[in-house]
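**Student:** Here's the letter readout for the chains.
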Amino acid sequence: MEKVFGRPNSLRNVATHYCPGCGHGIAHRLICEVVDELNIRERVIAVAPVGCAVIAYDYWDFDCSEAAHGRALAVATAIKRVHPETVVFTYQGDGDLAAIGTNETIHAANRGENLSVVFINNAIYGMTGGQMAPTTLLGQKTATTPSGRQAGSAGFPLKISEMLASLAGVYSVERASLHAPQEIVRAKKAIKQAFINQMENKGFSLVEVLSPCPTYWGMSPKEALDWIKDALIKEFPLGKLK
Amino acid sequence: MSNKILISGNEAMAEGAIQAGCAFYAGYPITPQNEIPAYMASRMPEAGGVFIQAESELAAINMVFGASAAGVRAMTSSSGPGISLKQEGISYLAGAELPAVIVNVMRGGPGLGNIAPSQADYFQATRSGGHGDYHCLVLAPASVQEAYDLMPLAFELADKYRSPAIVLADGVLGQMMEPLVTSPRHKVTKSPEKPWALTGCKDRPANIVKSFYIREGDLERFNLLLQKKYKAIQDKEARYEGLNLEDAGVILVAYGTMARIAKSGMLKLRQKGKRAGLIRPITLWPFPQKVFQRLTVHGKQYTKRIIFLVVEMSYGQMVEDVKLAVDGRAKVEFLGRSGGGIPTENDVIKAVSRLIR
Amino acid sequence: MTEKIIIAGFGGQGVMLLGKVLAEAAMREGRFVTWFPAYGAEVRGGTAHCMVIISDQEIGSPYIGQADTLIALNGPSLEKFKSRLEAKGLLILNSSLARAGLDKGLKAVEHPFTEIASGLGNIRVANMIALGAFLSLKNIVGLESVEKVISDIAPEDKKGLIAINQKALREGARLNG
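Protein chains in written order, with this note's numbering: chain Y, 6 to 247; chain R, 48 to 404; chain B, 432 to 608.
Among the clues, some could well be false.
[Said to hold, decoys possible] Coverage of chain B stretches by chain R, computed from C-beta distances (three or more under 8 Å per stretch; other residues unrestricted):
{"no.": "1", "segment": "497 to 507"}
{"no.": "2", "segment": "514 to 522"}
[To be verified] Computed, partial: chain B to chain R, Cβ under 7 Å:
{"no.": "3", "residue": "T465"}
{"no.": "4", "residue": "P468"}
{"no.": "5", "residue": "P493"}
These aren't lab readings, by the way, just hints derived from the structure by calculation. Computed from a predicted model, the values in this text were never measured in an experiment. Think of the CB as a built atom: it goes at the ideal place given N, C-alpha and C, for glycine as much as any other residue.
Modelling step: build the complete structure from the supplied sequences, incorporating the hints.
**Tutor:** Right under this line is the structure:
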């Protein structure tokens with residue numbers, strides 16, 4: 006019998022700690038499928054974030070580094086400069102990449118570091134208990150915006166991908182989503198292209214992935230997918246930005 | 048003409064690092080250490096290494112984290128305000144057991160302070176300036192030659208103990224030029240094999256570099272391992288220079304630039320027949336406790352008769368380590384200035400003369 | 432023998448270079464030397480200065496509290512540092528840009544270094560004339576050593592300036608003759 010679906014080689018055979026309906030498990034798997042398909046498990050190096058995906062290295066079966074919160078792209082910059090023959094990527098959430106690490110993000114991008122970035126945007130802080138993220142929508146209730154995010158006091162959803170797309174050093178920016186099977190296929194394609202770009206020395210490539218967080222959105226997994234489609238995408242439209 | 052060159056302490060530290068096989072430098076400009084990144088920017092590419100002017104001190108130290116995780120000898124340099132920013136990364140380096148060298152060319156503080164030479168970052172360097180239960184090795188050069196010579200040692204110790212090592216200099220030492228003999232007195236050891244480094248997991252299980260221990264009990268076990276390592280460092284790596292100790296009534300204790308001044312004061316006192324001596328700690332952590340114990344415990348005839356005079360360009364930081372080492376067995380006095388003031392040779396001579404009379 | 436020298440002037444008058452050339456020459460003659468600059472924001476605006484110590488013995492502080500010699504290439508640096516001269520200290524003053532009017536006891540040697548340099552065809556060599564004048568009074572480093580340093584340390588794009596700097600040095604050494 007032909008096996009048509011299985012665990013990617015570079016994904017460890019362990020259960021994840023993620024909540025039901027969380028997008029991280031899917032995103033982790035997409036990366037591992039891409040690593041397998043490109044046959045780069047032995048030369049890929051990941052930099053994990055601080056956030057819910059902090060122990061991504063427990064799930065990925067290839068070399069991984071931790072980074073302090075927000076500093077993944079500084080760490081990745083150095084690893085790639087030291088070992089140009091490796092394929093280095095960061096996996097970062099909205100707090101890591103677009104709040105505490107904005108400076109590292111913008112400057113690694115602006116230097117045109119030859120790196121791939123998977124940016125998970127779920128519009129909330131999961132690990133610390135559902136506080137406002139820079140990408141939280143106006144009106145969205147969180148632990149630190151109990152009556153909904155107000156622009157006057159908490160500013161607007163930060164469109165960091167659009168900002169990065171404006172930088173001369175950036176090669177490619179694309180926004181994808183995990184809310185439907187066909188979108189997941191597109192997200193994988195975008196991630197794969199970001200890796201291929203690096204292997205072809207094209208420079209800095211970022212894929213923003215809209216990802217569900219049913220727990221801190223206060224929704225069922227199904228409702229969370231619908232909310233991406235009905236609300237999140239309106240603020241963060243999908244497609245190639247650069 | 049000899050093989051001596053006239054060079055600043057900052058450039059000497061940079062060249063010492065290159066000679067030690069440092070293959071990665073990231074930093075952010077701050078006075079009084081700007082000659083280090085400038086030197087590295089031109090010298091590192093010649094040496095086949097990587098130079099990056101980072102967007103911040105935070106980015107710089109985290110780049111050093113990445114380069115060290117990737118297995119090469121890596122360093123950064125800064126001064127007070129920048130070193131404060133680097134504490135995040137230094138704590139992570141200690142937690143992930145990554146070797147790295149951090150040069151602090153101390154300036155006046157707190158806050159933005161000024162750019163004058165200072166020794167006020169002693170506590171920050173020796174007391175784990177960042178969060179958590181850790182130590183950095185701390186080396187304190189007192190001349191341009193030693194600034195050069197201690198760099199290979201800093202890299203070697205960092206690699207040996209998989210720990211960040213700080214070279215604690217000051218504005219005088221960084222800025223002044225002195226003759227330097229460029230063949231290192233300290234034999235440079237090559238960077239050892241690093242089987243834990245991130246290089247891609249070809250023909251081996253995947254490596255993980257991390258400082259995160261979330262499962263119950265894991266972090267305590269890890270901390271106990273760190274403590275064991277720190278004990279070994281304290282037992283084996285303390286270094287100091289002692290001068291005229293055996294008959295001294297007053298022993299000056301000073302490091303770095305201050306030790307040079309204390310030494311010339313001590314030598315003048317000797318010319319006048321006054322029994323002064325000098326202990327110059329070369330490692331500040333581990334602190335060379337044993338010499339203080341030897342002088343105050345084993346030679347019982349010295350007990351209570353020795354007075355230690357600690358001289359610092361601060362209002363009293365290393366003096367606490369001297370008091371801990373002496374543990375009440377002798378008198379410990381202090382002379383210090385801060386914020387740009389430097390105790391002079393005459394200040395030292397006067398203070399010792401008062402104590403000796 | 433220990434000689435403590437403060438060298439001060441406007442930024443651009445070459446006071447740092449004067450100090451470096453002197454320190455380098457003394458080092459080559461086997462002496463202990465230190466060179467310590469004013470650095471950072473301190474060098475903007477007013478005066479630039481550096482401190483050179485030359486000695487037969489190991490040098491403690493490179494910072495000079497009281498100097499044996501002050502080489503002042505302009506008025507503001509004379510004002511700033513004249514109180515830092517030892518009682519019997521030597522003042523070498525650029526009379527093109529400053530007037531002494533000094534307290535008694537100081538030995539002041541005044542020459543119009545800037546004008547002399549201008550006469551030699553390059554106003555920027557006033558520093559080497561001052562160095563020559565200093566060395567003719569305090570014979571701590573040989574002129575030949577200094578000339579050799581001048582030619583050795585000149586970067587590729589400044590090789591053309593070696594001769595005039597050496598000439599300036601010699602010119603300065605003759606002033607007190």
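**Student:** Looking back at the hints listed earlier, which ones does the structure fail to meet?
**Tutor:** 1, 2
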